[in-house]
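Trainee: Residues per chain, in single letters:
Number of protein chains: 2
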Amino acid sequence: MEQTLFWIVPAAAVIALLLAWYFYRGMMRRSEGTETMQRIASHVRKGAMSYLRQQYKIVGIVFLALVIVFSIMAYGFQLQNPWVPVAFLTGGFFSGLSGFLGMKTATNASARTANAARESLNGGLNVAFRSGAVMGLVVVGLGLLDISIWYVLLNMFVDNANPMQKMTMITTTMLTFGMGASTQALFARVGGGIYTKAADVGADLVGKVEAGIPEDDPRNPATIADNVGDNVGDVAGMGADLYESYCGSILATAALGAAAFMQAAVPDPAMQVKAVIAPMLIAAVGIILSIIGIFTVRTREDADMKGLLKALSRGTNLSSALIVAATFGILWVLQITNWALIGCSVVVGLLVGIVIGQATEYYTSQSYKPTQRLAESGKTGPATVIISGVGLGMVSTAIPVIAVVAGIILSYWFASGFDFTNVGMGLYGIGIAAVGMLSTLGITLATDAYGPIADNAGGNAEMSGLGESVRKRTDALDSLGNTTAATGKGFAIGSAALTGLALLASYIEEIRIGLDRLGQTFIQLGDRAVALHDATFTDFMAYFEVNLMSPKVLSGMFIGSMMAFLFCGLTMNAVGRAAAHMVDEVRRQFREIKGILEGKADPDYARCVQISTKGAQREMVFPSVLAIVAPIITGLVFGVPGVIGLLTGGLSAGFVLAIFMANSGGAWDNAKKYVEEGNFGGKGSEVHKATVTGDTVGDPFKDTSGPSLNILIKLMSMVAIVMAGLTVSWSLF
Amino acid sequence: MEQTLFWIVPAAAVIALLLAWYFYRGMMRRSEGTETMQRIASHVRKGAMSYLRQQYKIVGIVFLALVIVFSIMAYGFQLQNPWVPVAFLTGGFFSGLSGFLGMKTATNASARTANAARESLNGGLNVAFRSGAVMGLVVVGLGLLDISIWYVLLNMFVDNANPMQKMTMITTTMLTFGMGASTQALFARVGGGIYTKAADVGADLVGKVEAGIPEDDPRNPATIADNVGDNVGDVAGMGADLYESYCGSILATAALGAAAFMQAAVPDPAMQVKAVIAPMLIAAVGIILSIIGIFTVRTREDADMKGLLKALSRGTNLSSALIVAATFGILWVLQITNWALIGCSVVVGLLVGIVIGQATEYYTSQSYKPTQRLAESGKTGPATVIISGVGLGMVSTAIPVIAVVAGIILSYWFASGFDFTNVGMGLYGIGIAAVGMLSTLGITLATDAYGPIADNAGGNAEMSGLGESVRKRTDALDSLGNTTAATGKGFAIGSAALTGLALLASYIEEIRIGLDRLGQTFIQLGDRAVALHDATFTDFMAYFEVNLMSPKVLSGMFIGSMMAFLFCGLTMNAVGRAAAHMVDEVRRQFREIKGILEGKADPDYARCVQISTKGAQREMVFPSVLAIVAPIITGLVFGVPGVIGLLTGGLSAGFVLAIFMANSGGAWDNAKKYVEEGNFGGKGSEVHKATVTGDTVGDPFKDTSGPSLNILIKLMSMVAIVMAGLTVSWSLF
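Top to bottom, those sequences are chains A and B.
Heads up, the first sequence is in our numbering, so the first residue is 612 and it goes up one at a time.
Heads up, the second sequence is in our numbering, so the first residue is 612 and it goes up one at a time.
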């Protein structure tokens, strides 16, 4: 039965892709508006596409190098599975494709959204939201499609007489495609993040602060680059990122399911298959529920802001509520061991996501005290804005961490049947919680992705001179997106922590396979010899001397924490350098091109686009490669204990650092908006200037370094998993 | 023999204290200069003393509460050793006394330094450095005295027939006095840090930036508060802090020595005693060598800056070189197992300290590229200064972390006789490395403490109108201090990481004692029963299920990382709030007191002192109490695995966060100085304004939050150790 049920997974994937195509076609049939609007949209589109081409070239080289390494390891030294190089490539390809399609849609949608907003707010919402939904559906559709194809292929070709060992090999091989997705995602996030923030910071510093012209003003040479940046960073980057999160959580959970049921007292191959496909089925049903949610997002023609917000929330809440019921249904149909308790783990995951989302909103929205007080600190200048913002971000880590800790303990506790020694099932529960959290990604991503589309629509409206009323509508759409996006961010960050834990467990499984490949059949523990395939997580920990008094583990933890900071520092510096070039260029144009500020001469937009592109390409390589190299070197020097230390240290410090950076950045952004709404002197006042400094500092915090950390955590785990064969065969200490 | 050698320890302590008294007397015999100089010095002294009185009142209440809790645990429920409440009190008392005496000296020395600098640079150096040496000698003298007294007392009164078990009880009881010292130190650092930075930020923001008057100008109402702040933060806070580091490293190492030799294949009570007194002896000899170093710091009357720097470096280098030789000598005399290898661990510790110091200097001194480039980023305004400074600080964590990791692995590897399974001796090696690093604290602290004295002398000179030439000399003394202080900081931060690890191991020992007190005689591991007193570190880890797949451990790690950020955030916010009050007050005085800016009316200094005092007192309690409560609650909820997770997570994230904050802050400070030296437009330029914003943001980074983190890490461990009896007797999960 379970093999029949599996076909729901590819079916849901195809439905998602077809619907995405339908929405895309519908959007493309609409008018792009006046000639000016079309021209500007085409500028942005071309800039974005040319950036993506450049990006894929460089990423292609990195992939080529890694595939060669993997091939040598797999075919030359038998340190790895022969499927690894191919699986790795498909993961990277589909992740990149998600970003590309999302961006293609977004760059086509912005002018159309602006044009629709000329007639009504609701029209604008409709175009923007449906276009966002294209991205959401493409990500989940491609993700499940890739998973399905590999599951079918590996089931056909993996050769192992023992069905349970075969399933373990299948699931761990599939993790490799997760590494491809993570690598692509990291480059997309880092490169896109540097691009968008260099342009944004550059445009703001000279345009807003020095020349005193509004945002998106056509006189600002960096304004097209800024709009391109929204697309390559916030759309293409986010698409690749969430593709990775989505697939990573499903694959890690499948691998944990395979491992958990292999260790069961009475091994049952059918039960193992069920445990492997359960996360896929939950995700597949999540797609259908997301689609239902998307179709409920409609409002009456005369709806106000509140009505719109209600419409969006109704969609996501409906999907979330339905997924809870559906999960229990799926688990009941599968008759998986402890099905009701595992279902509770899913509920735990969803609740954690909601709590993190609410906390994010509390700390970063101008409707609440913290951000209002942050804005007030602008009365004493930019320095106190920065101090208070850093303080706010650091304090704001408490609730999300406590929520995740509660989520870890409870999802483990439930799934293990209230028995902490049942490690396999407990970890499976953590994975299932992450899958539950991301299962309705189709709709949450739609509400997320529509933000930058609305933002770009605003840019288009401003540059095309469509007038105050249209700009007001696009602004309303934009700020609506900010509110709903908070929940989406909560889900993304929470799932990263849980998936990180699940990947840690998968690493141990991979170690088993690595030892197997080296021809080892048992592990010696004191005077007890345990057969390799019967050894538990705890046995492996004892065998490799992985304990919290081991200097290797502790060294790994220090390095892991440091990696999170180093990575952030490198990306911050990259933005700083690229932005400085942009500032110089904008200043040069204001100085040298006569009549530019009076609107009599056209600025050289293309040059700014080029500067951002070059800066991002140059700067993204080192931090990204570092993330790939660090686990390999740590493994070669300190062996398995060092790698586990690295992953746990990186996970715990990186998760907290990511929340801090995201929330500080978000609060600075909204504190500025709060002042612009007329508080503490409003636009142009000294307080406003101080908060603009905060916003500028916050840009790389929240859109470059912060979100990249989520990927860094998982990529380091993925690399460790793929390189496990090498780590077990040699280490210095 | 070893019991006779022990008497070197109290002897060295007494010598240090006598010499401190001699230096103090010598300094007091000098003239405080003109009447104005005396008046200003007396203002600062009074402000500082009144602050300290307030501070000790509040800390006294906290200590009282804790002593009551400990007494109930010890005498009511037998969950703790009866000596704990008393030992706790003495640690707090001596730590506070170190800070008090250091501050008394510093506040008396500043005007005398300024007065001596009127005649010659060398004269100024002499007064300031000798006064700094008072602080250094008081800290090490009181530290070893307290250790000696307790060692003698507990040897007399602890009742246990087994000499080796008795020694373990003695050393773990002594750790409690470390908790007293840490608690006092945290309050001193946090309270002092908030005080000094509220005053500094307030004075700078309104005085320098808005009114455009120089630093320490008598027209600025916050200027006395600023000078008081240097004393309560940088002197009293640092004194209490380093007292804690010094004692903590010695006590933790003694406890590890007792544990390691108890687990030896052939237990030998005499060898255990040697292992316990070895760190004390190294520290005692370090005092004597520090004194020799201090006396070599003299220059010819006509010495220039370079000559002065050479004189200072000669002193510290000489002490460091001698301690290496002396350590091998001590270990050889004791004929301790593996004595030569343990000696190598000490060398490793010293080298790590030097590397961290050099790296700190490279990243934060204006003589090198990173800080120069940071200053250059001011060309594009304050936002890019902040972005680049954050990036610089984060990137700068790499070298110190790699150095500490190398230090951990090598000191463990040497002391364990190249055998990673020899956990006891390996950990002892890590502790010994930390002791080696801090052994010459007497002189390194002298070079550190003399910085704020020179700074205050400058303030006094400025306010007394002593003229440009005197101010130039005091500035030279000040910047000389900054250079030598970098190495001192490296030692403090490196030793915090190593001591943190050593305390982690001591925690396991304390668990053993806790189980013993509960009447448990063995621990059950699968079907193997191990006698409590024979159980190894690894056995305890297995018994409490402390492994890196345990959700409790991982939850603890998340909470530990979060604690570091939360603590920083709370202290940052505290500075922000207190500084805002100060800014309001200074602005009010400029507005309301007529003629203040023309120097015709006196500002109300006392009111500013009062604002800083109140702000610091109000704000320091919550973060400090949180640090004490967090390990207790984590223990009650998650038991031993959660606590170990908390400590490792807090240690790894906190250490990296501390380096980031210290180096960002230091670089911002010096980037501003670099601009003031005439680069990028010099004083008053837009670049200067931008770097002043960076400097202001950096103030709480480097002087409040960053240094407090070192104490936080150790205090959480100390609390866990003292509360171990409670944790083993009950936990929720």
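It is possible that part of the hints are untrue.
No copy is singled out in the list; a pair is fine if it fits within one copy or between any two copies.
Derived pair list, reagent style SDA-like, types lysine to any residue, alpha-carbon separation capped at 20 Å [claimed, not checked]:
{"no.": "1", "residue 1": "K777", "residue 2": "R641"}
{"no.": "2", "residue 1": "K1294", "residue 2": "E972"}
{"no.": "3", "residue 1": "K777", "residue 2": "D1145"}
{"no.": "4", "residue 1": "K1284", "residue 2": "A1212"}
{"no.": "5", "residue 1": "K1300", "residue 2": "V820"}
{"no.": "6", "residue 1": "K1225", "residue 2": "G1292"}
{"no.": "7", "residue 1": "K657", "residue 2": "P1214"}
{"no.": "8", "residue 1": "K819", "residue 2": "V1232"}
{"no.": "9", "residue 1": "K819", "residue 2": "E1297"}
{"no.": "10", "residue 1": "K777", "residue 2": "L764"}
Hints listed in this document are in silico derivations from the structure and should not be mistaken for laboratory results.
The model shown is predicted, which means the values in this text are computed figures rather than measured ones.
Trainee: Sort out which numbered hints this structure fails and list those numbers smallest first.
Mentor: Going through the list in order, the structure violates hints 1, 2, 4, 6 and 8 and respects the others.
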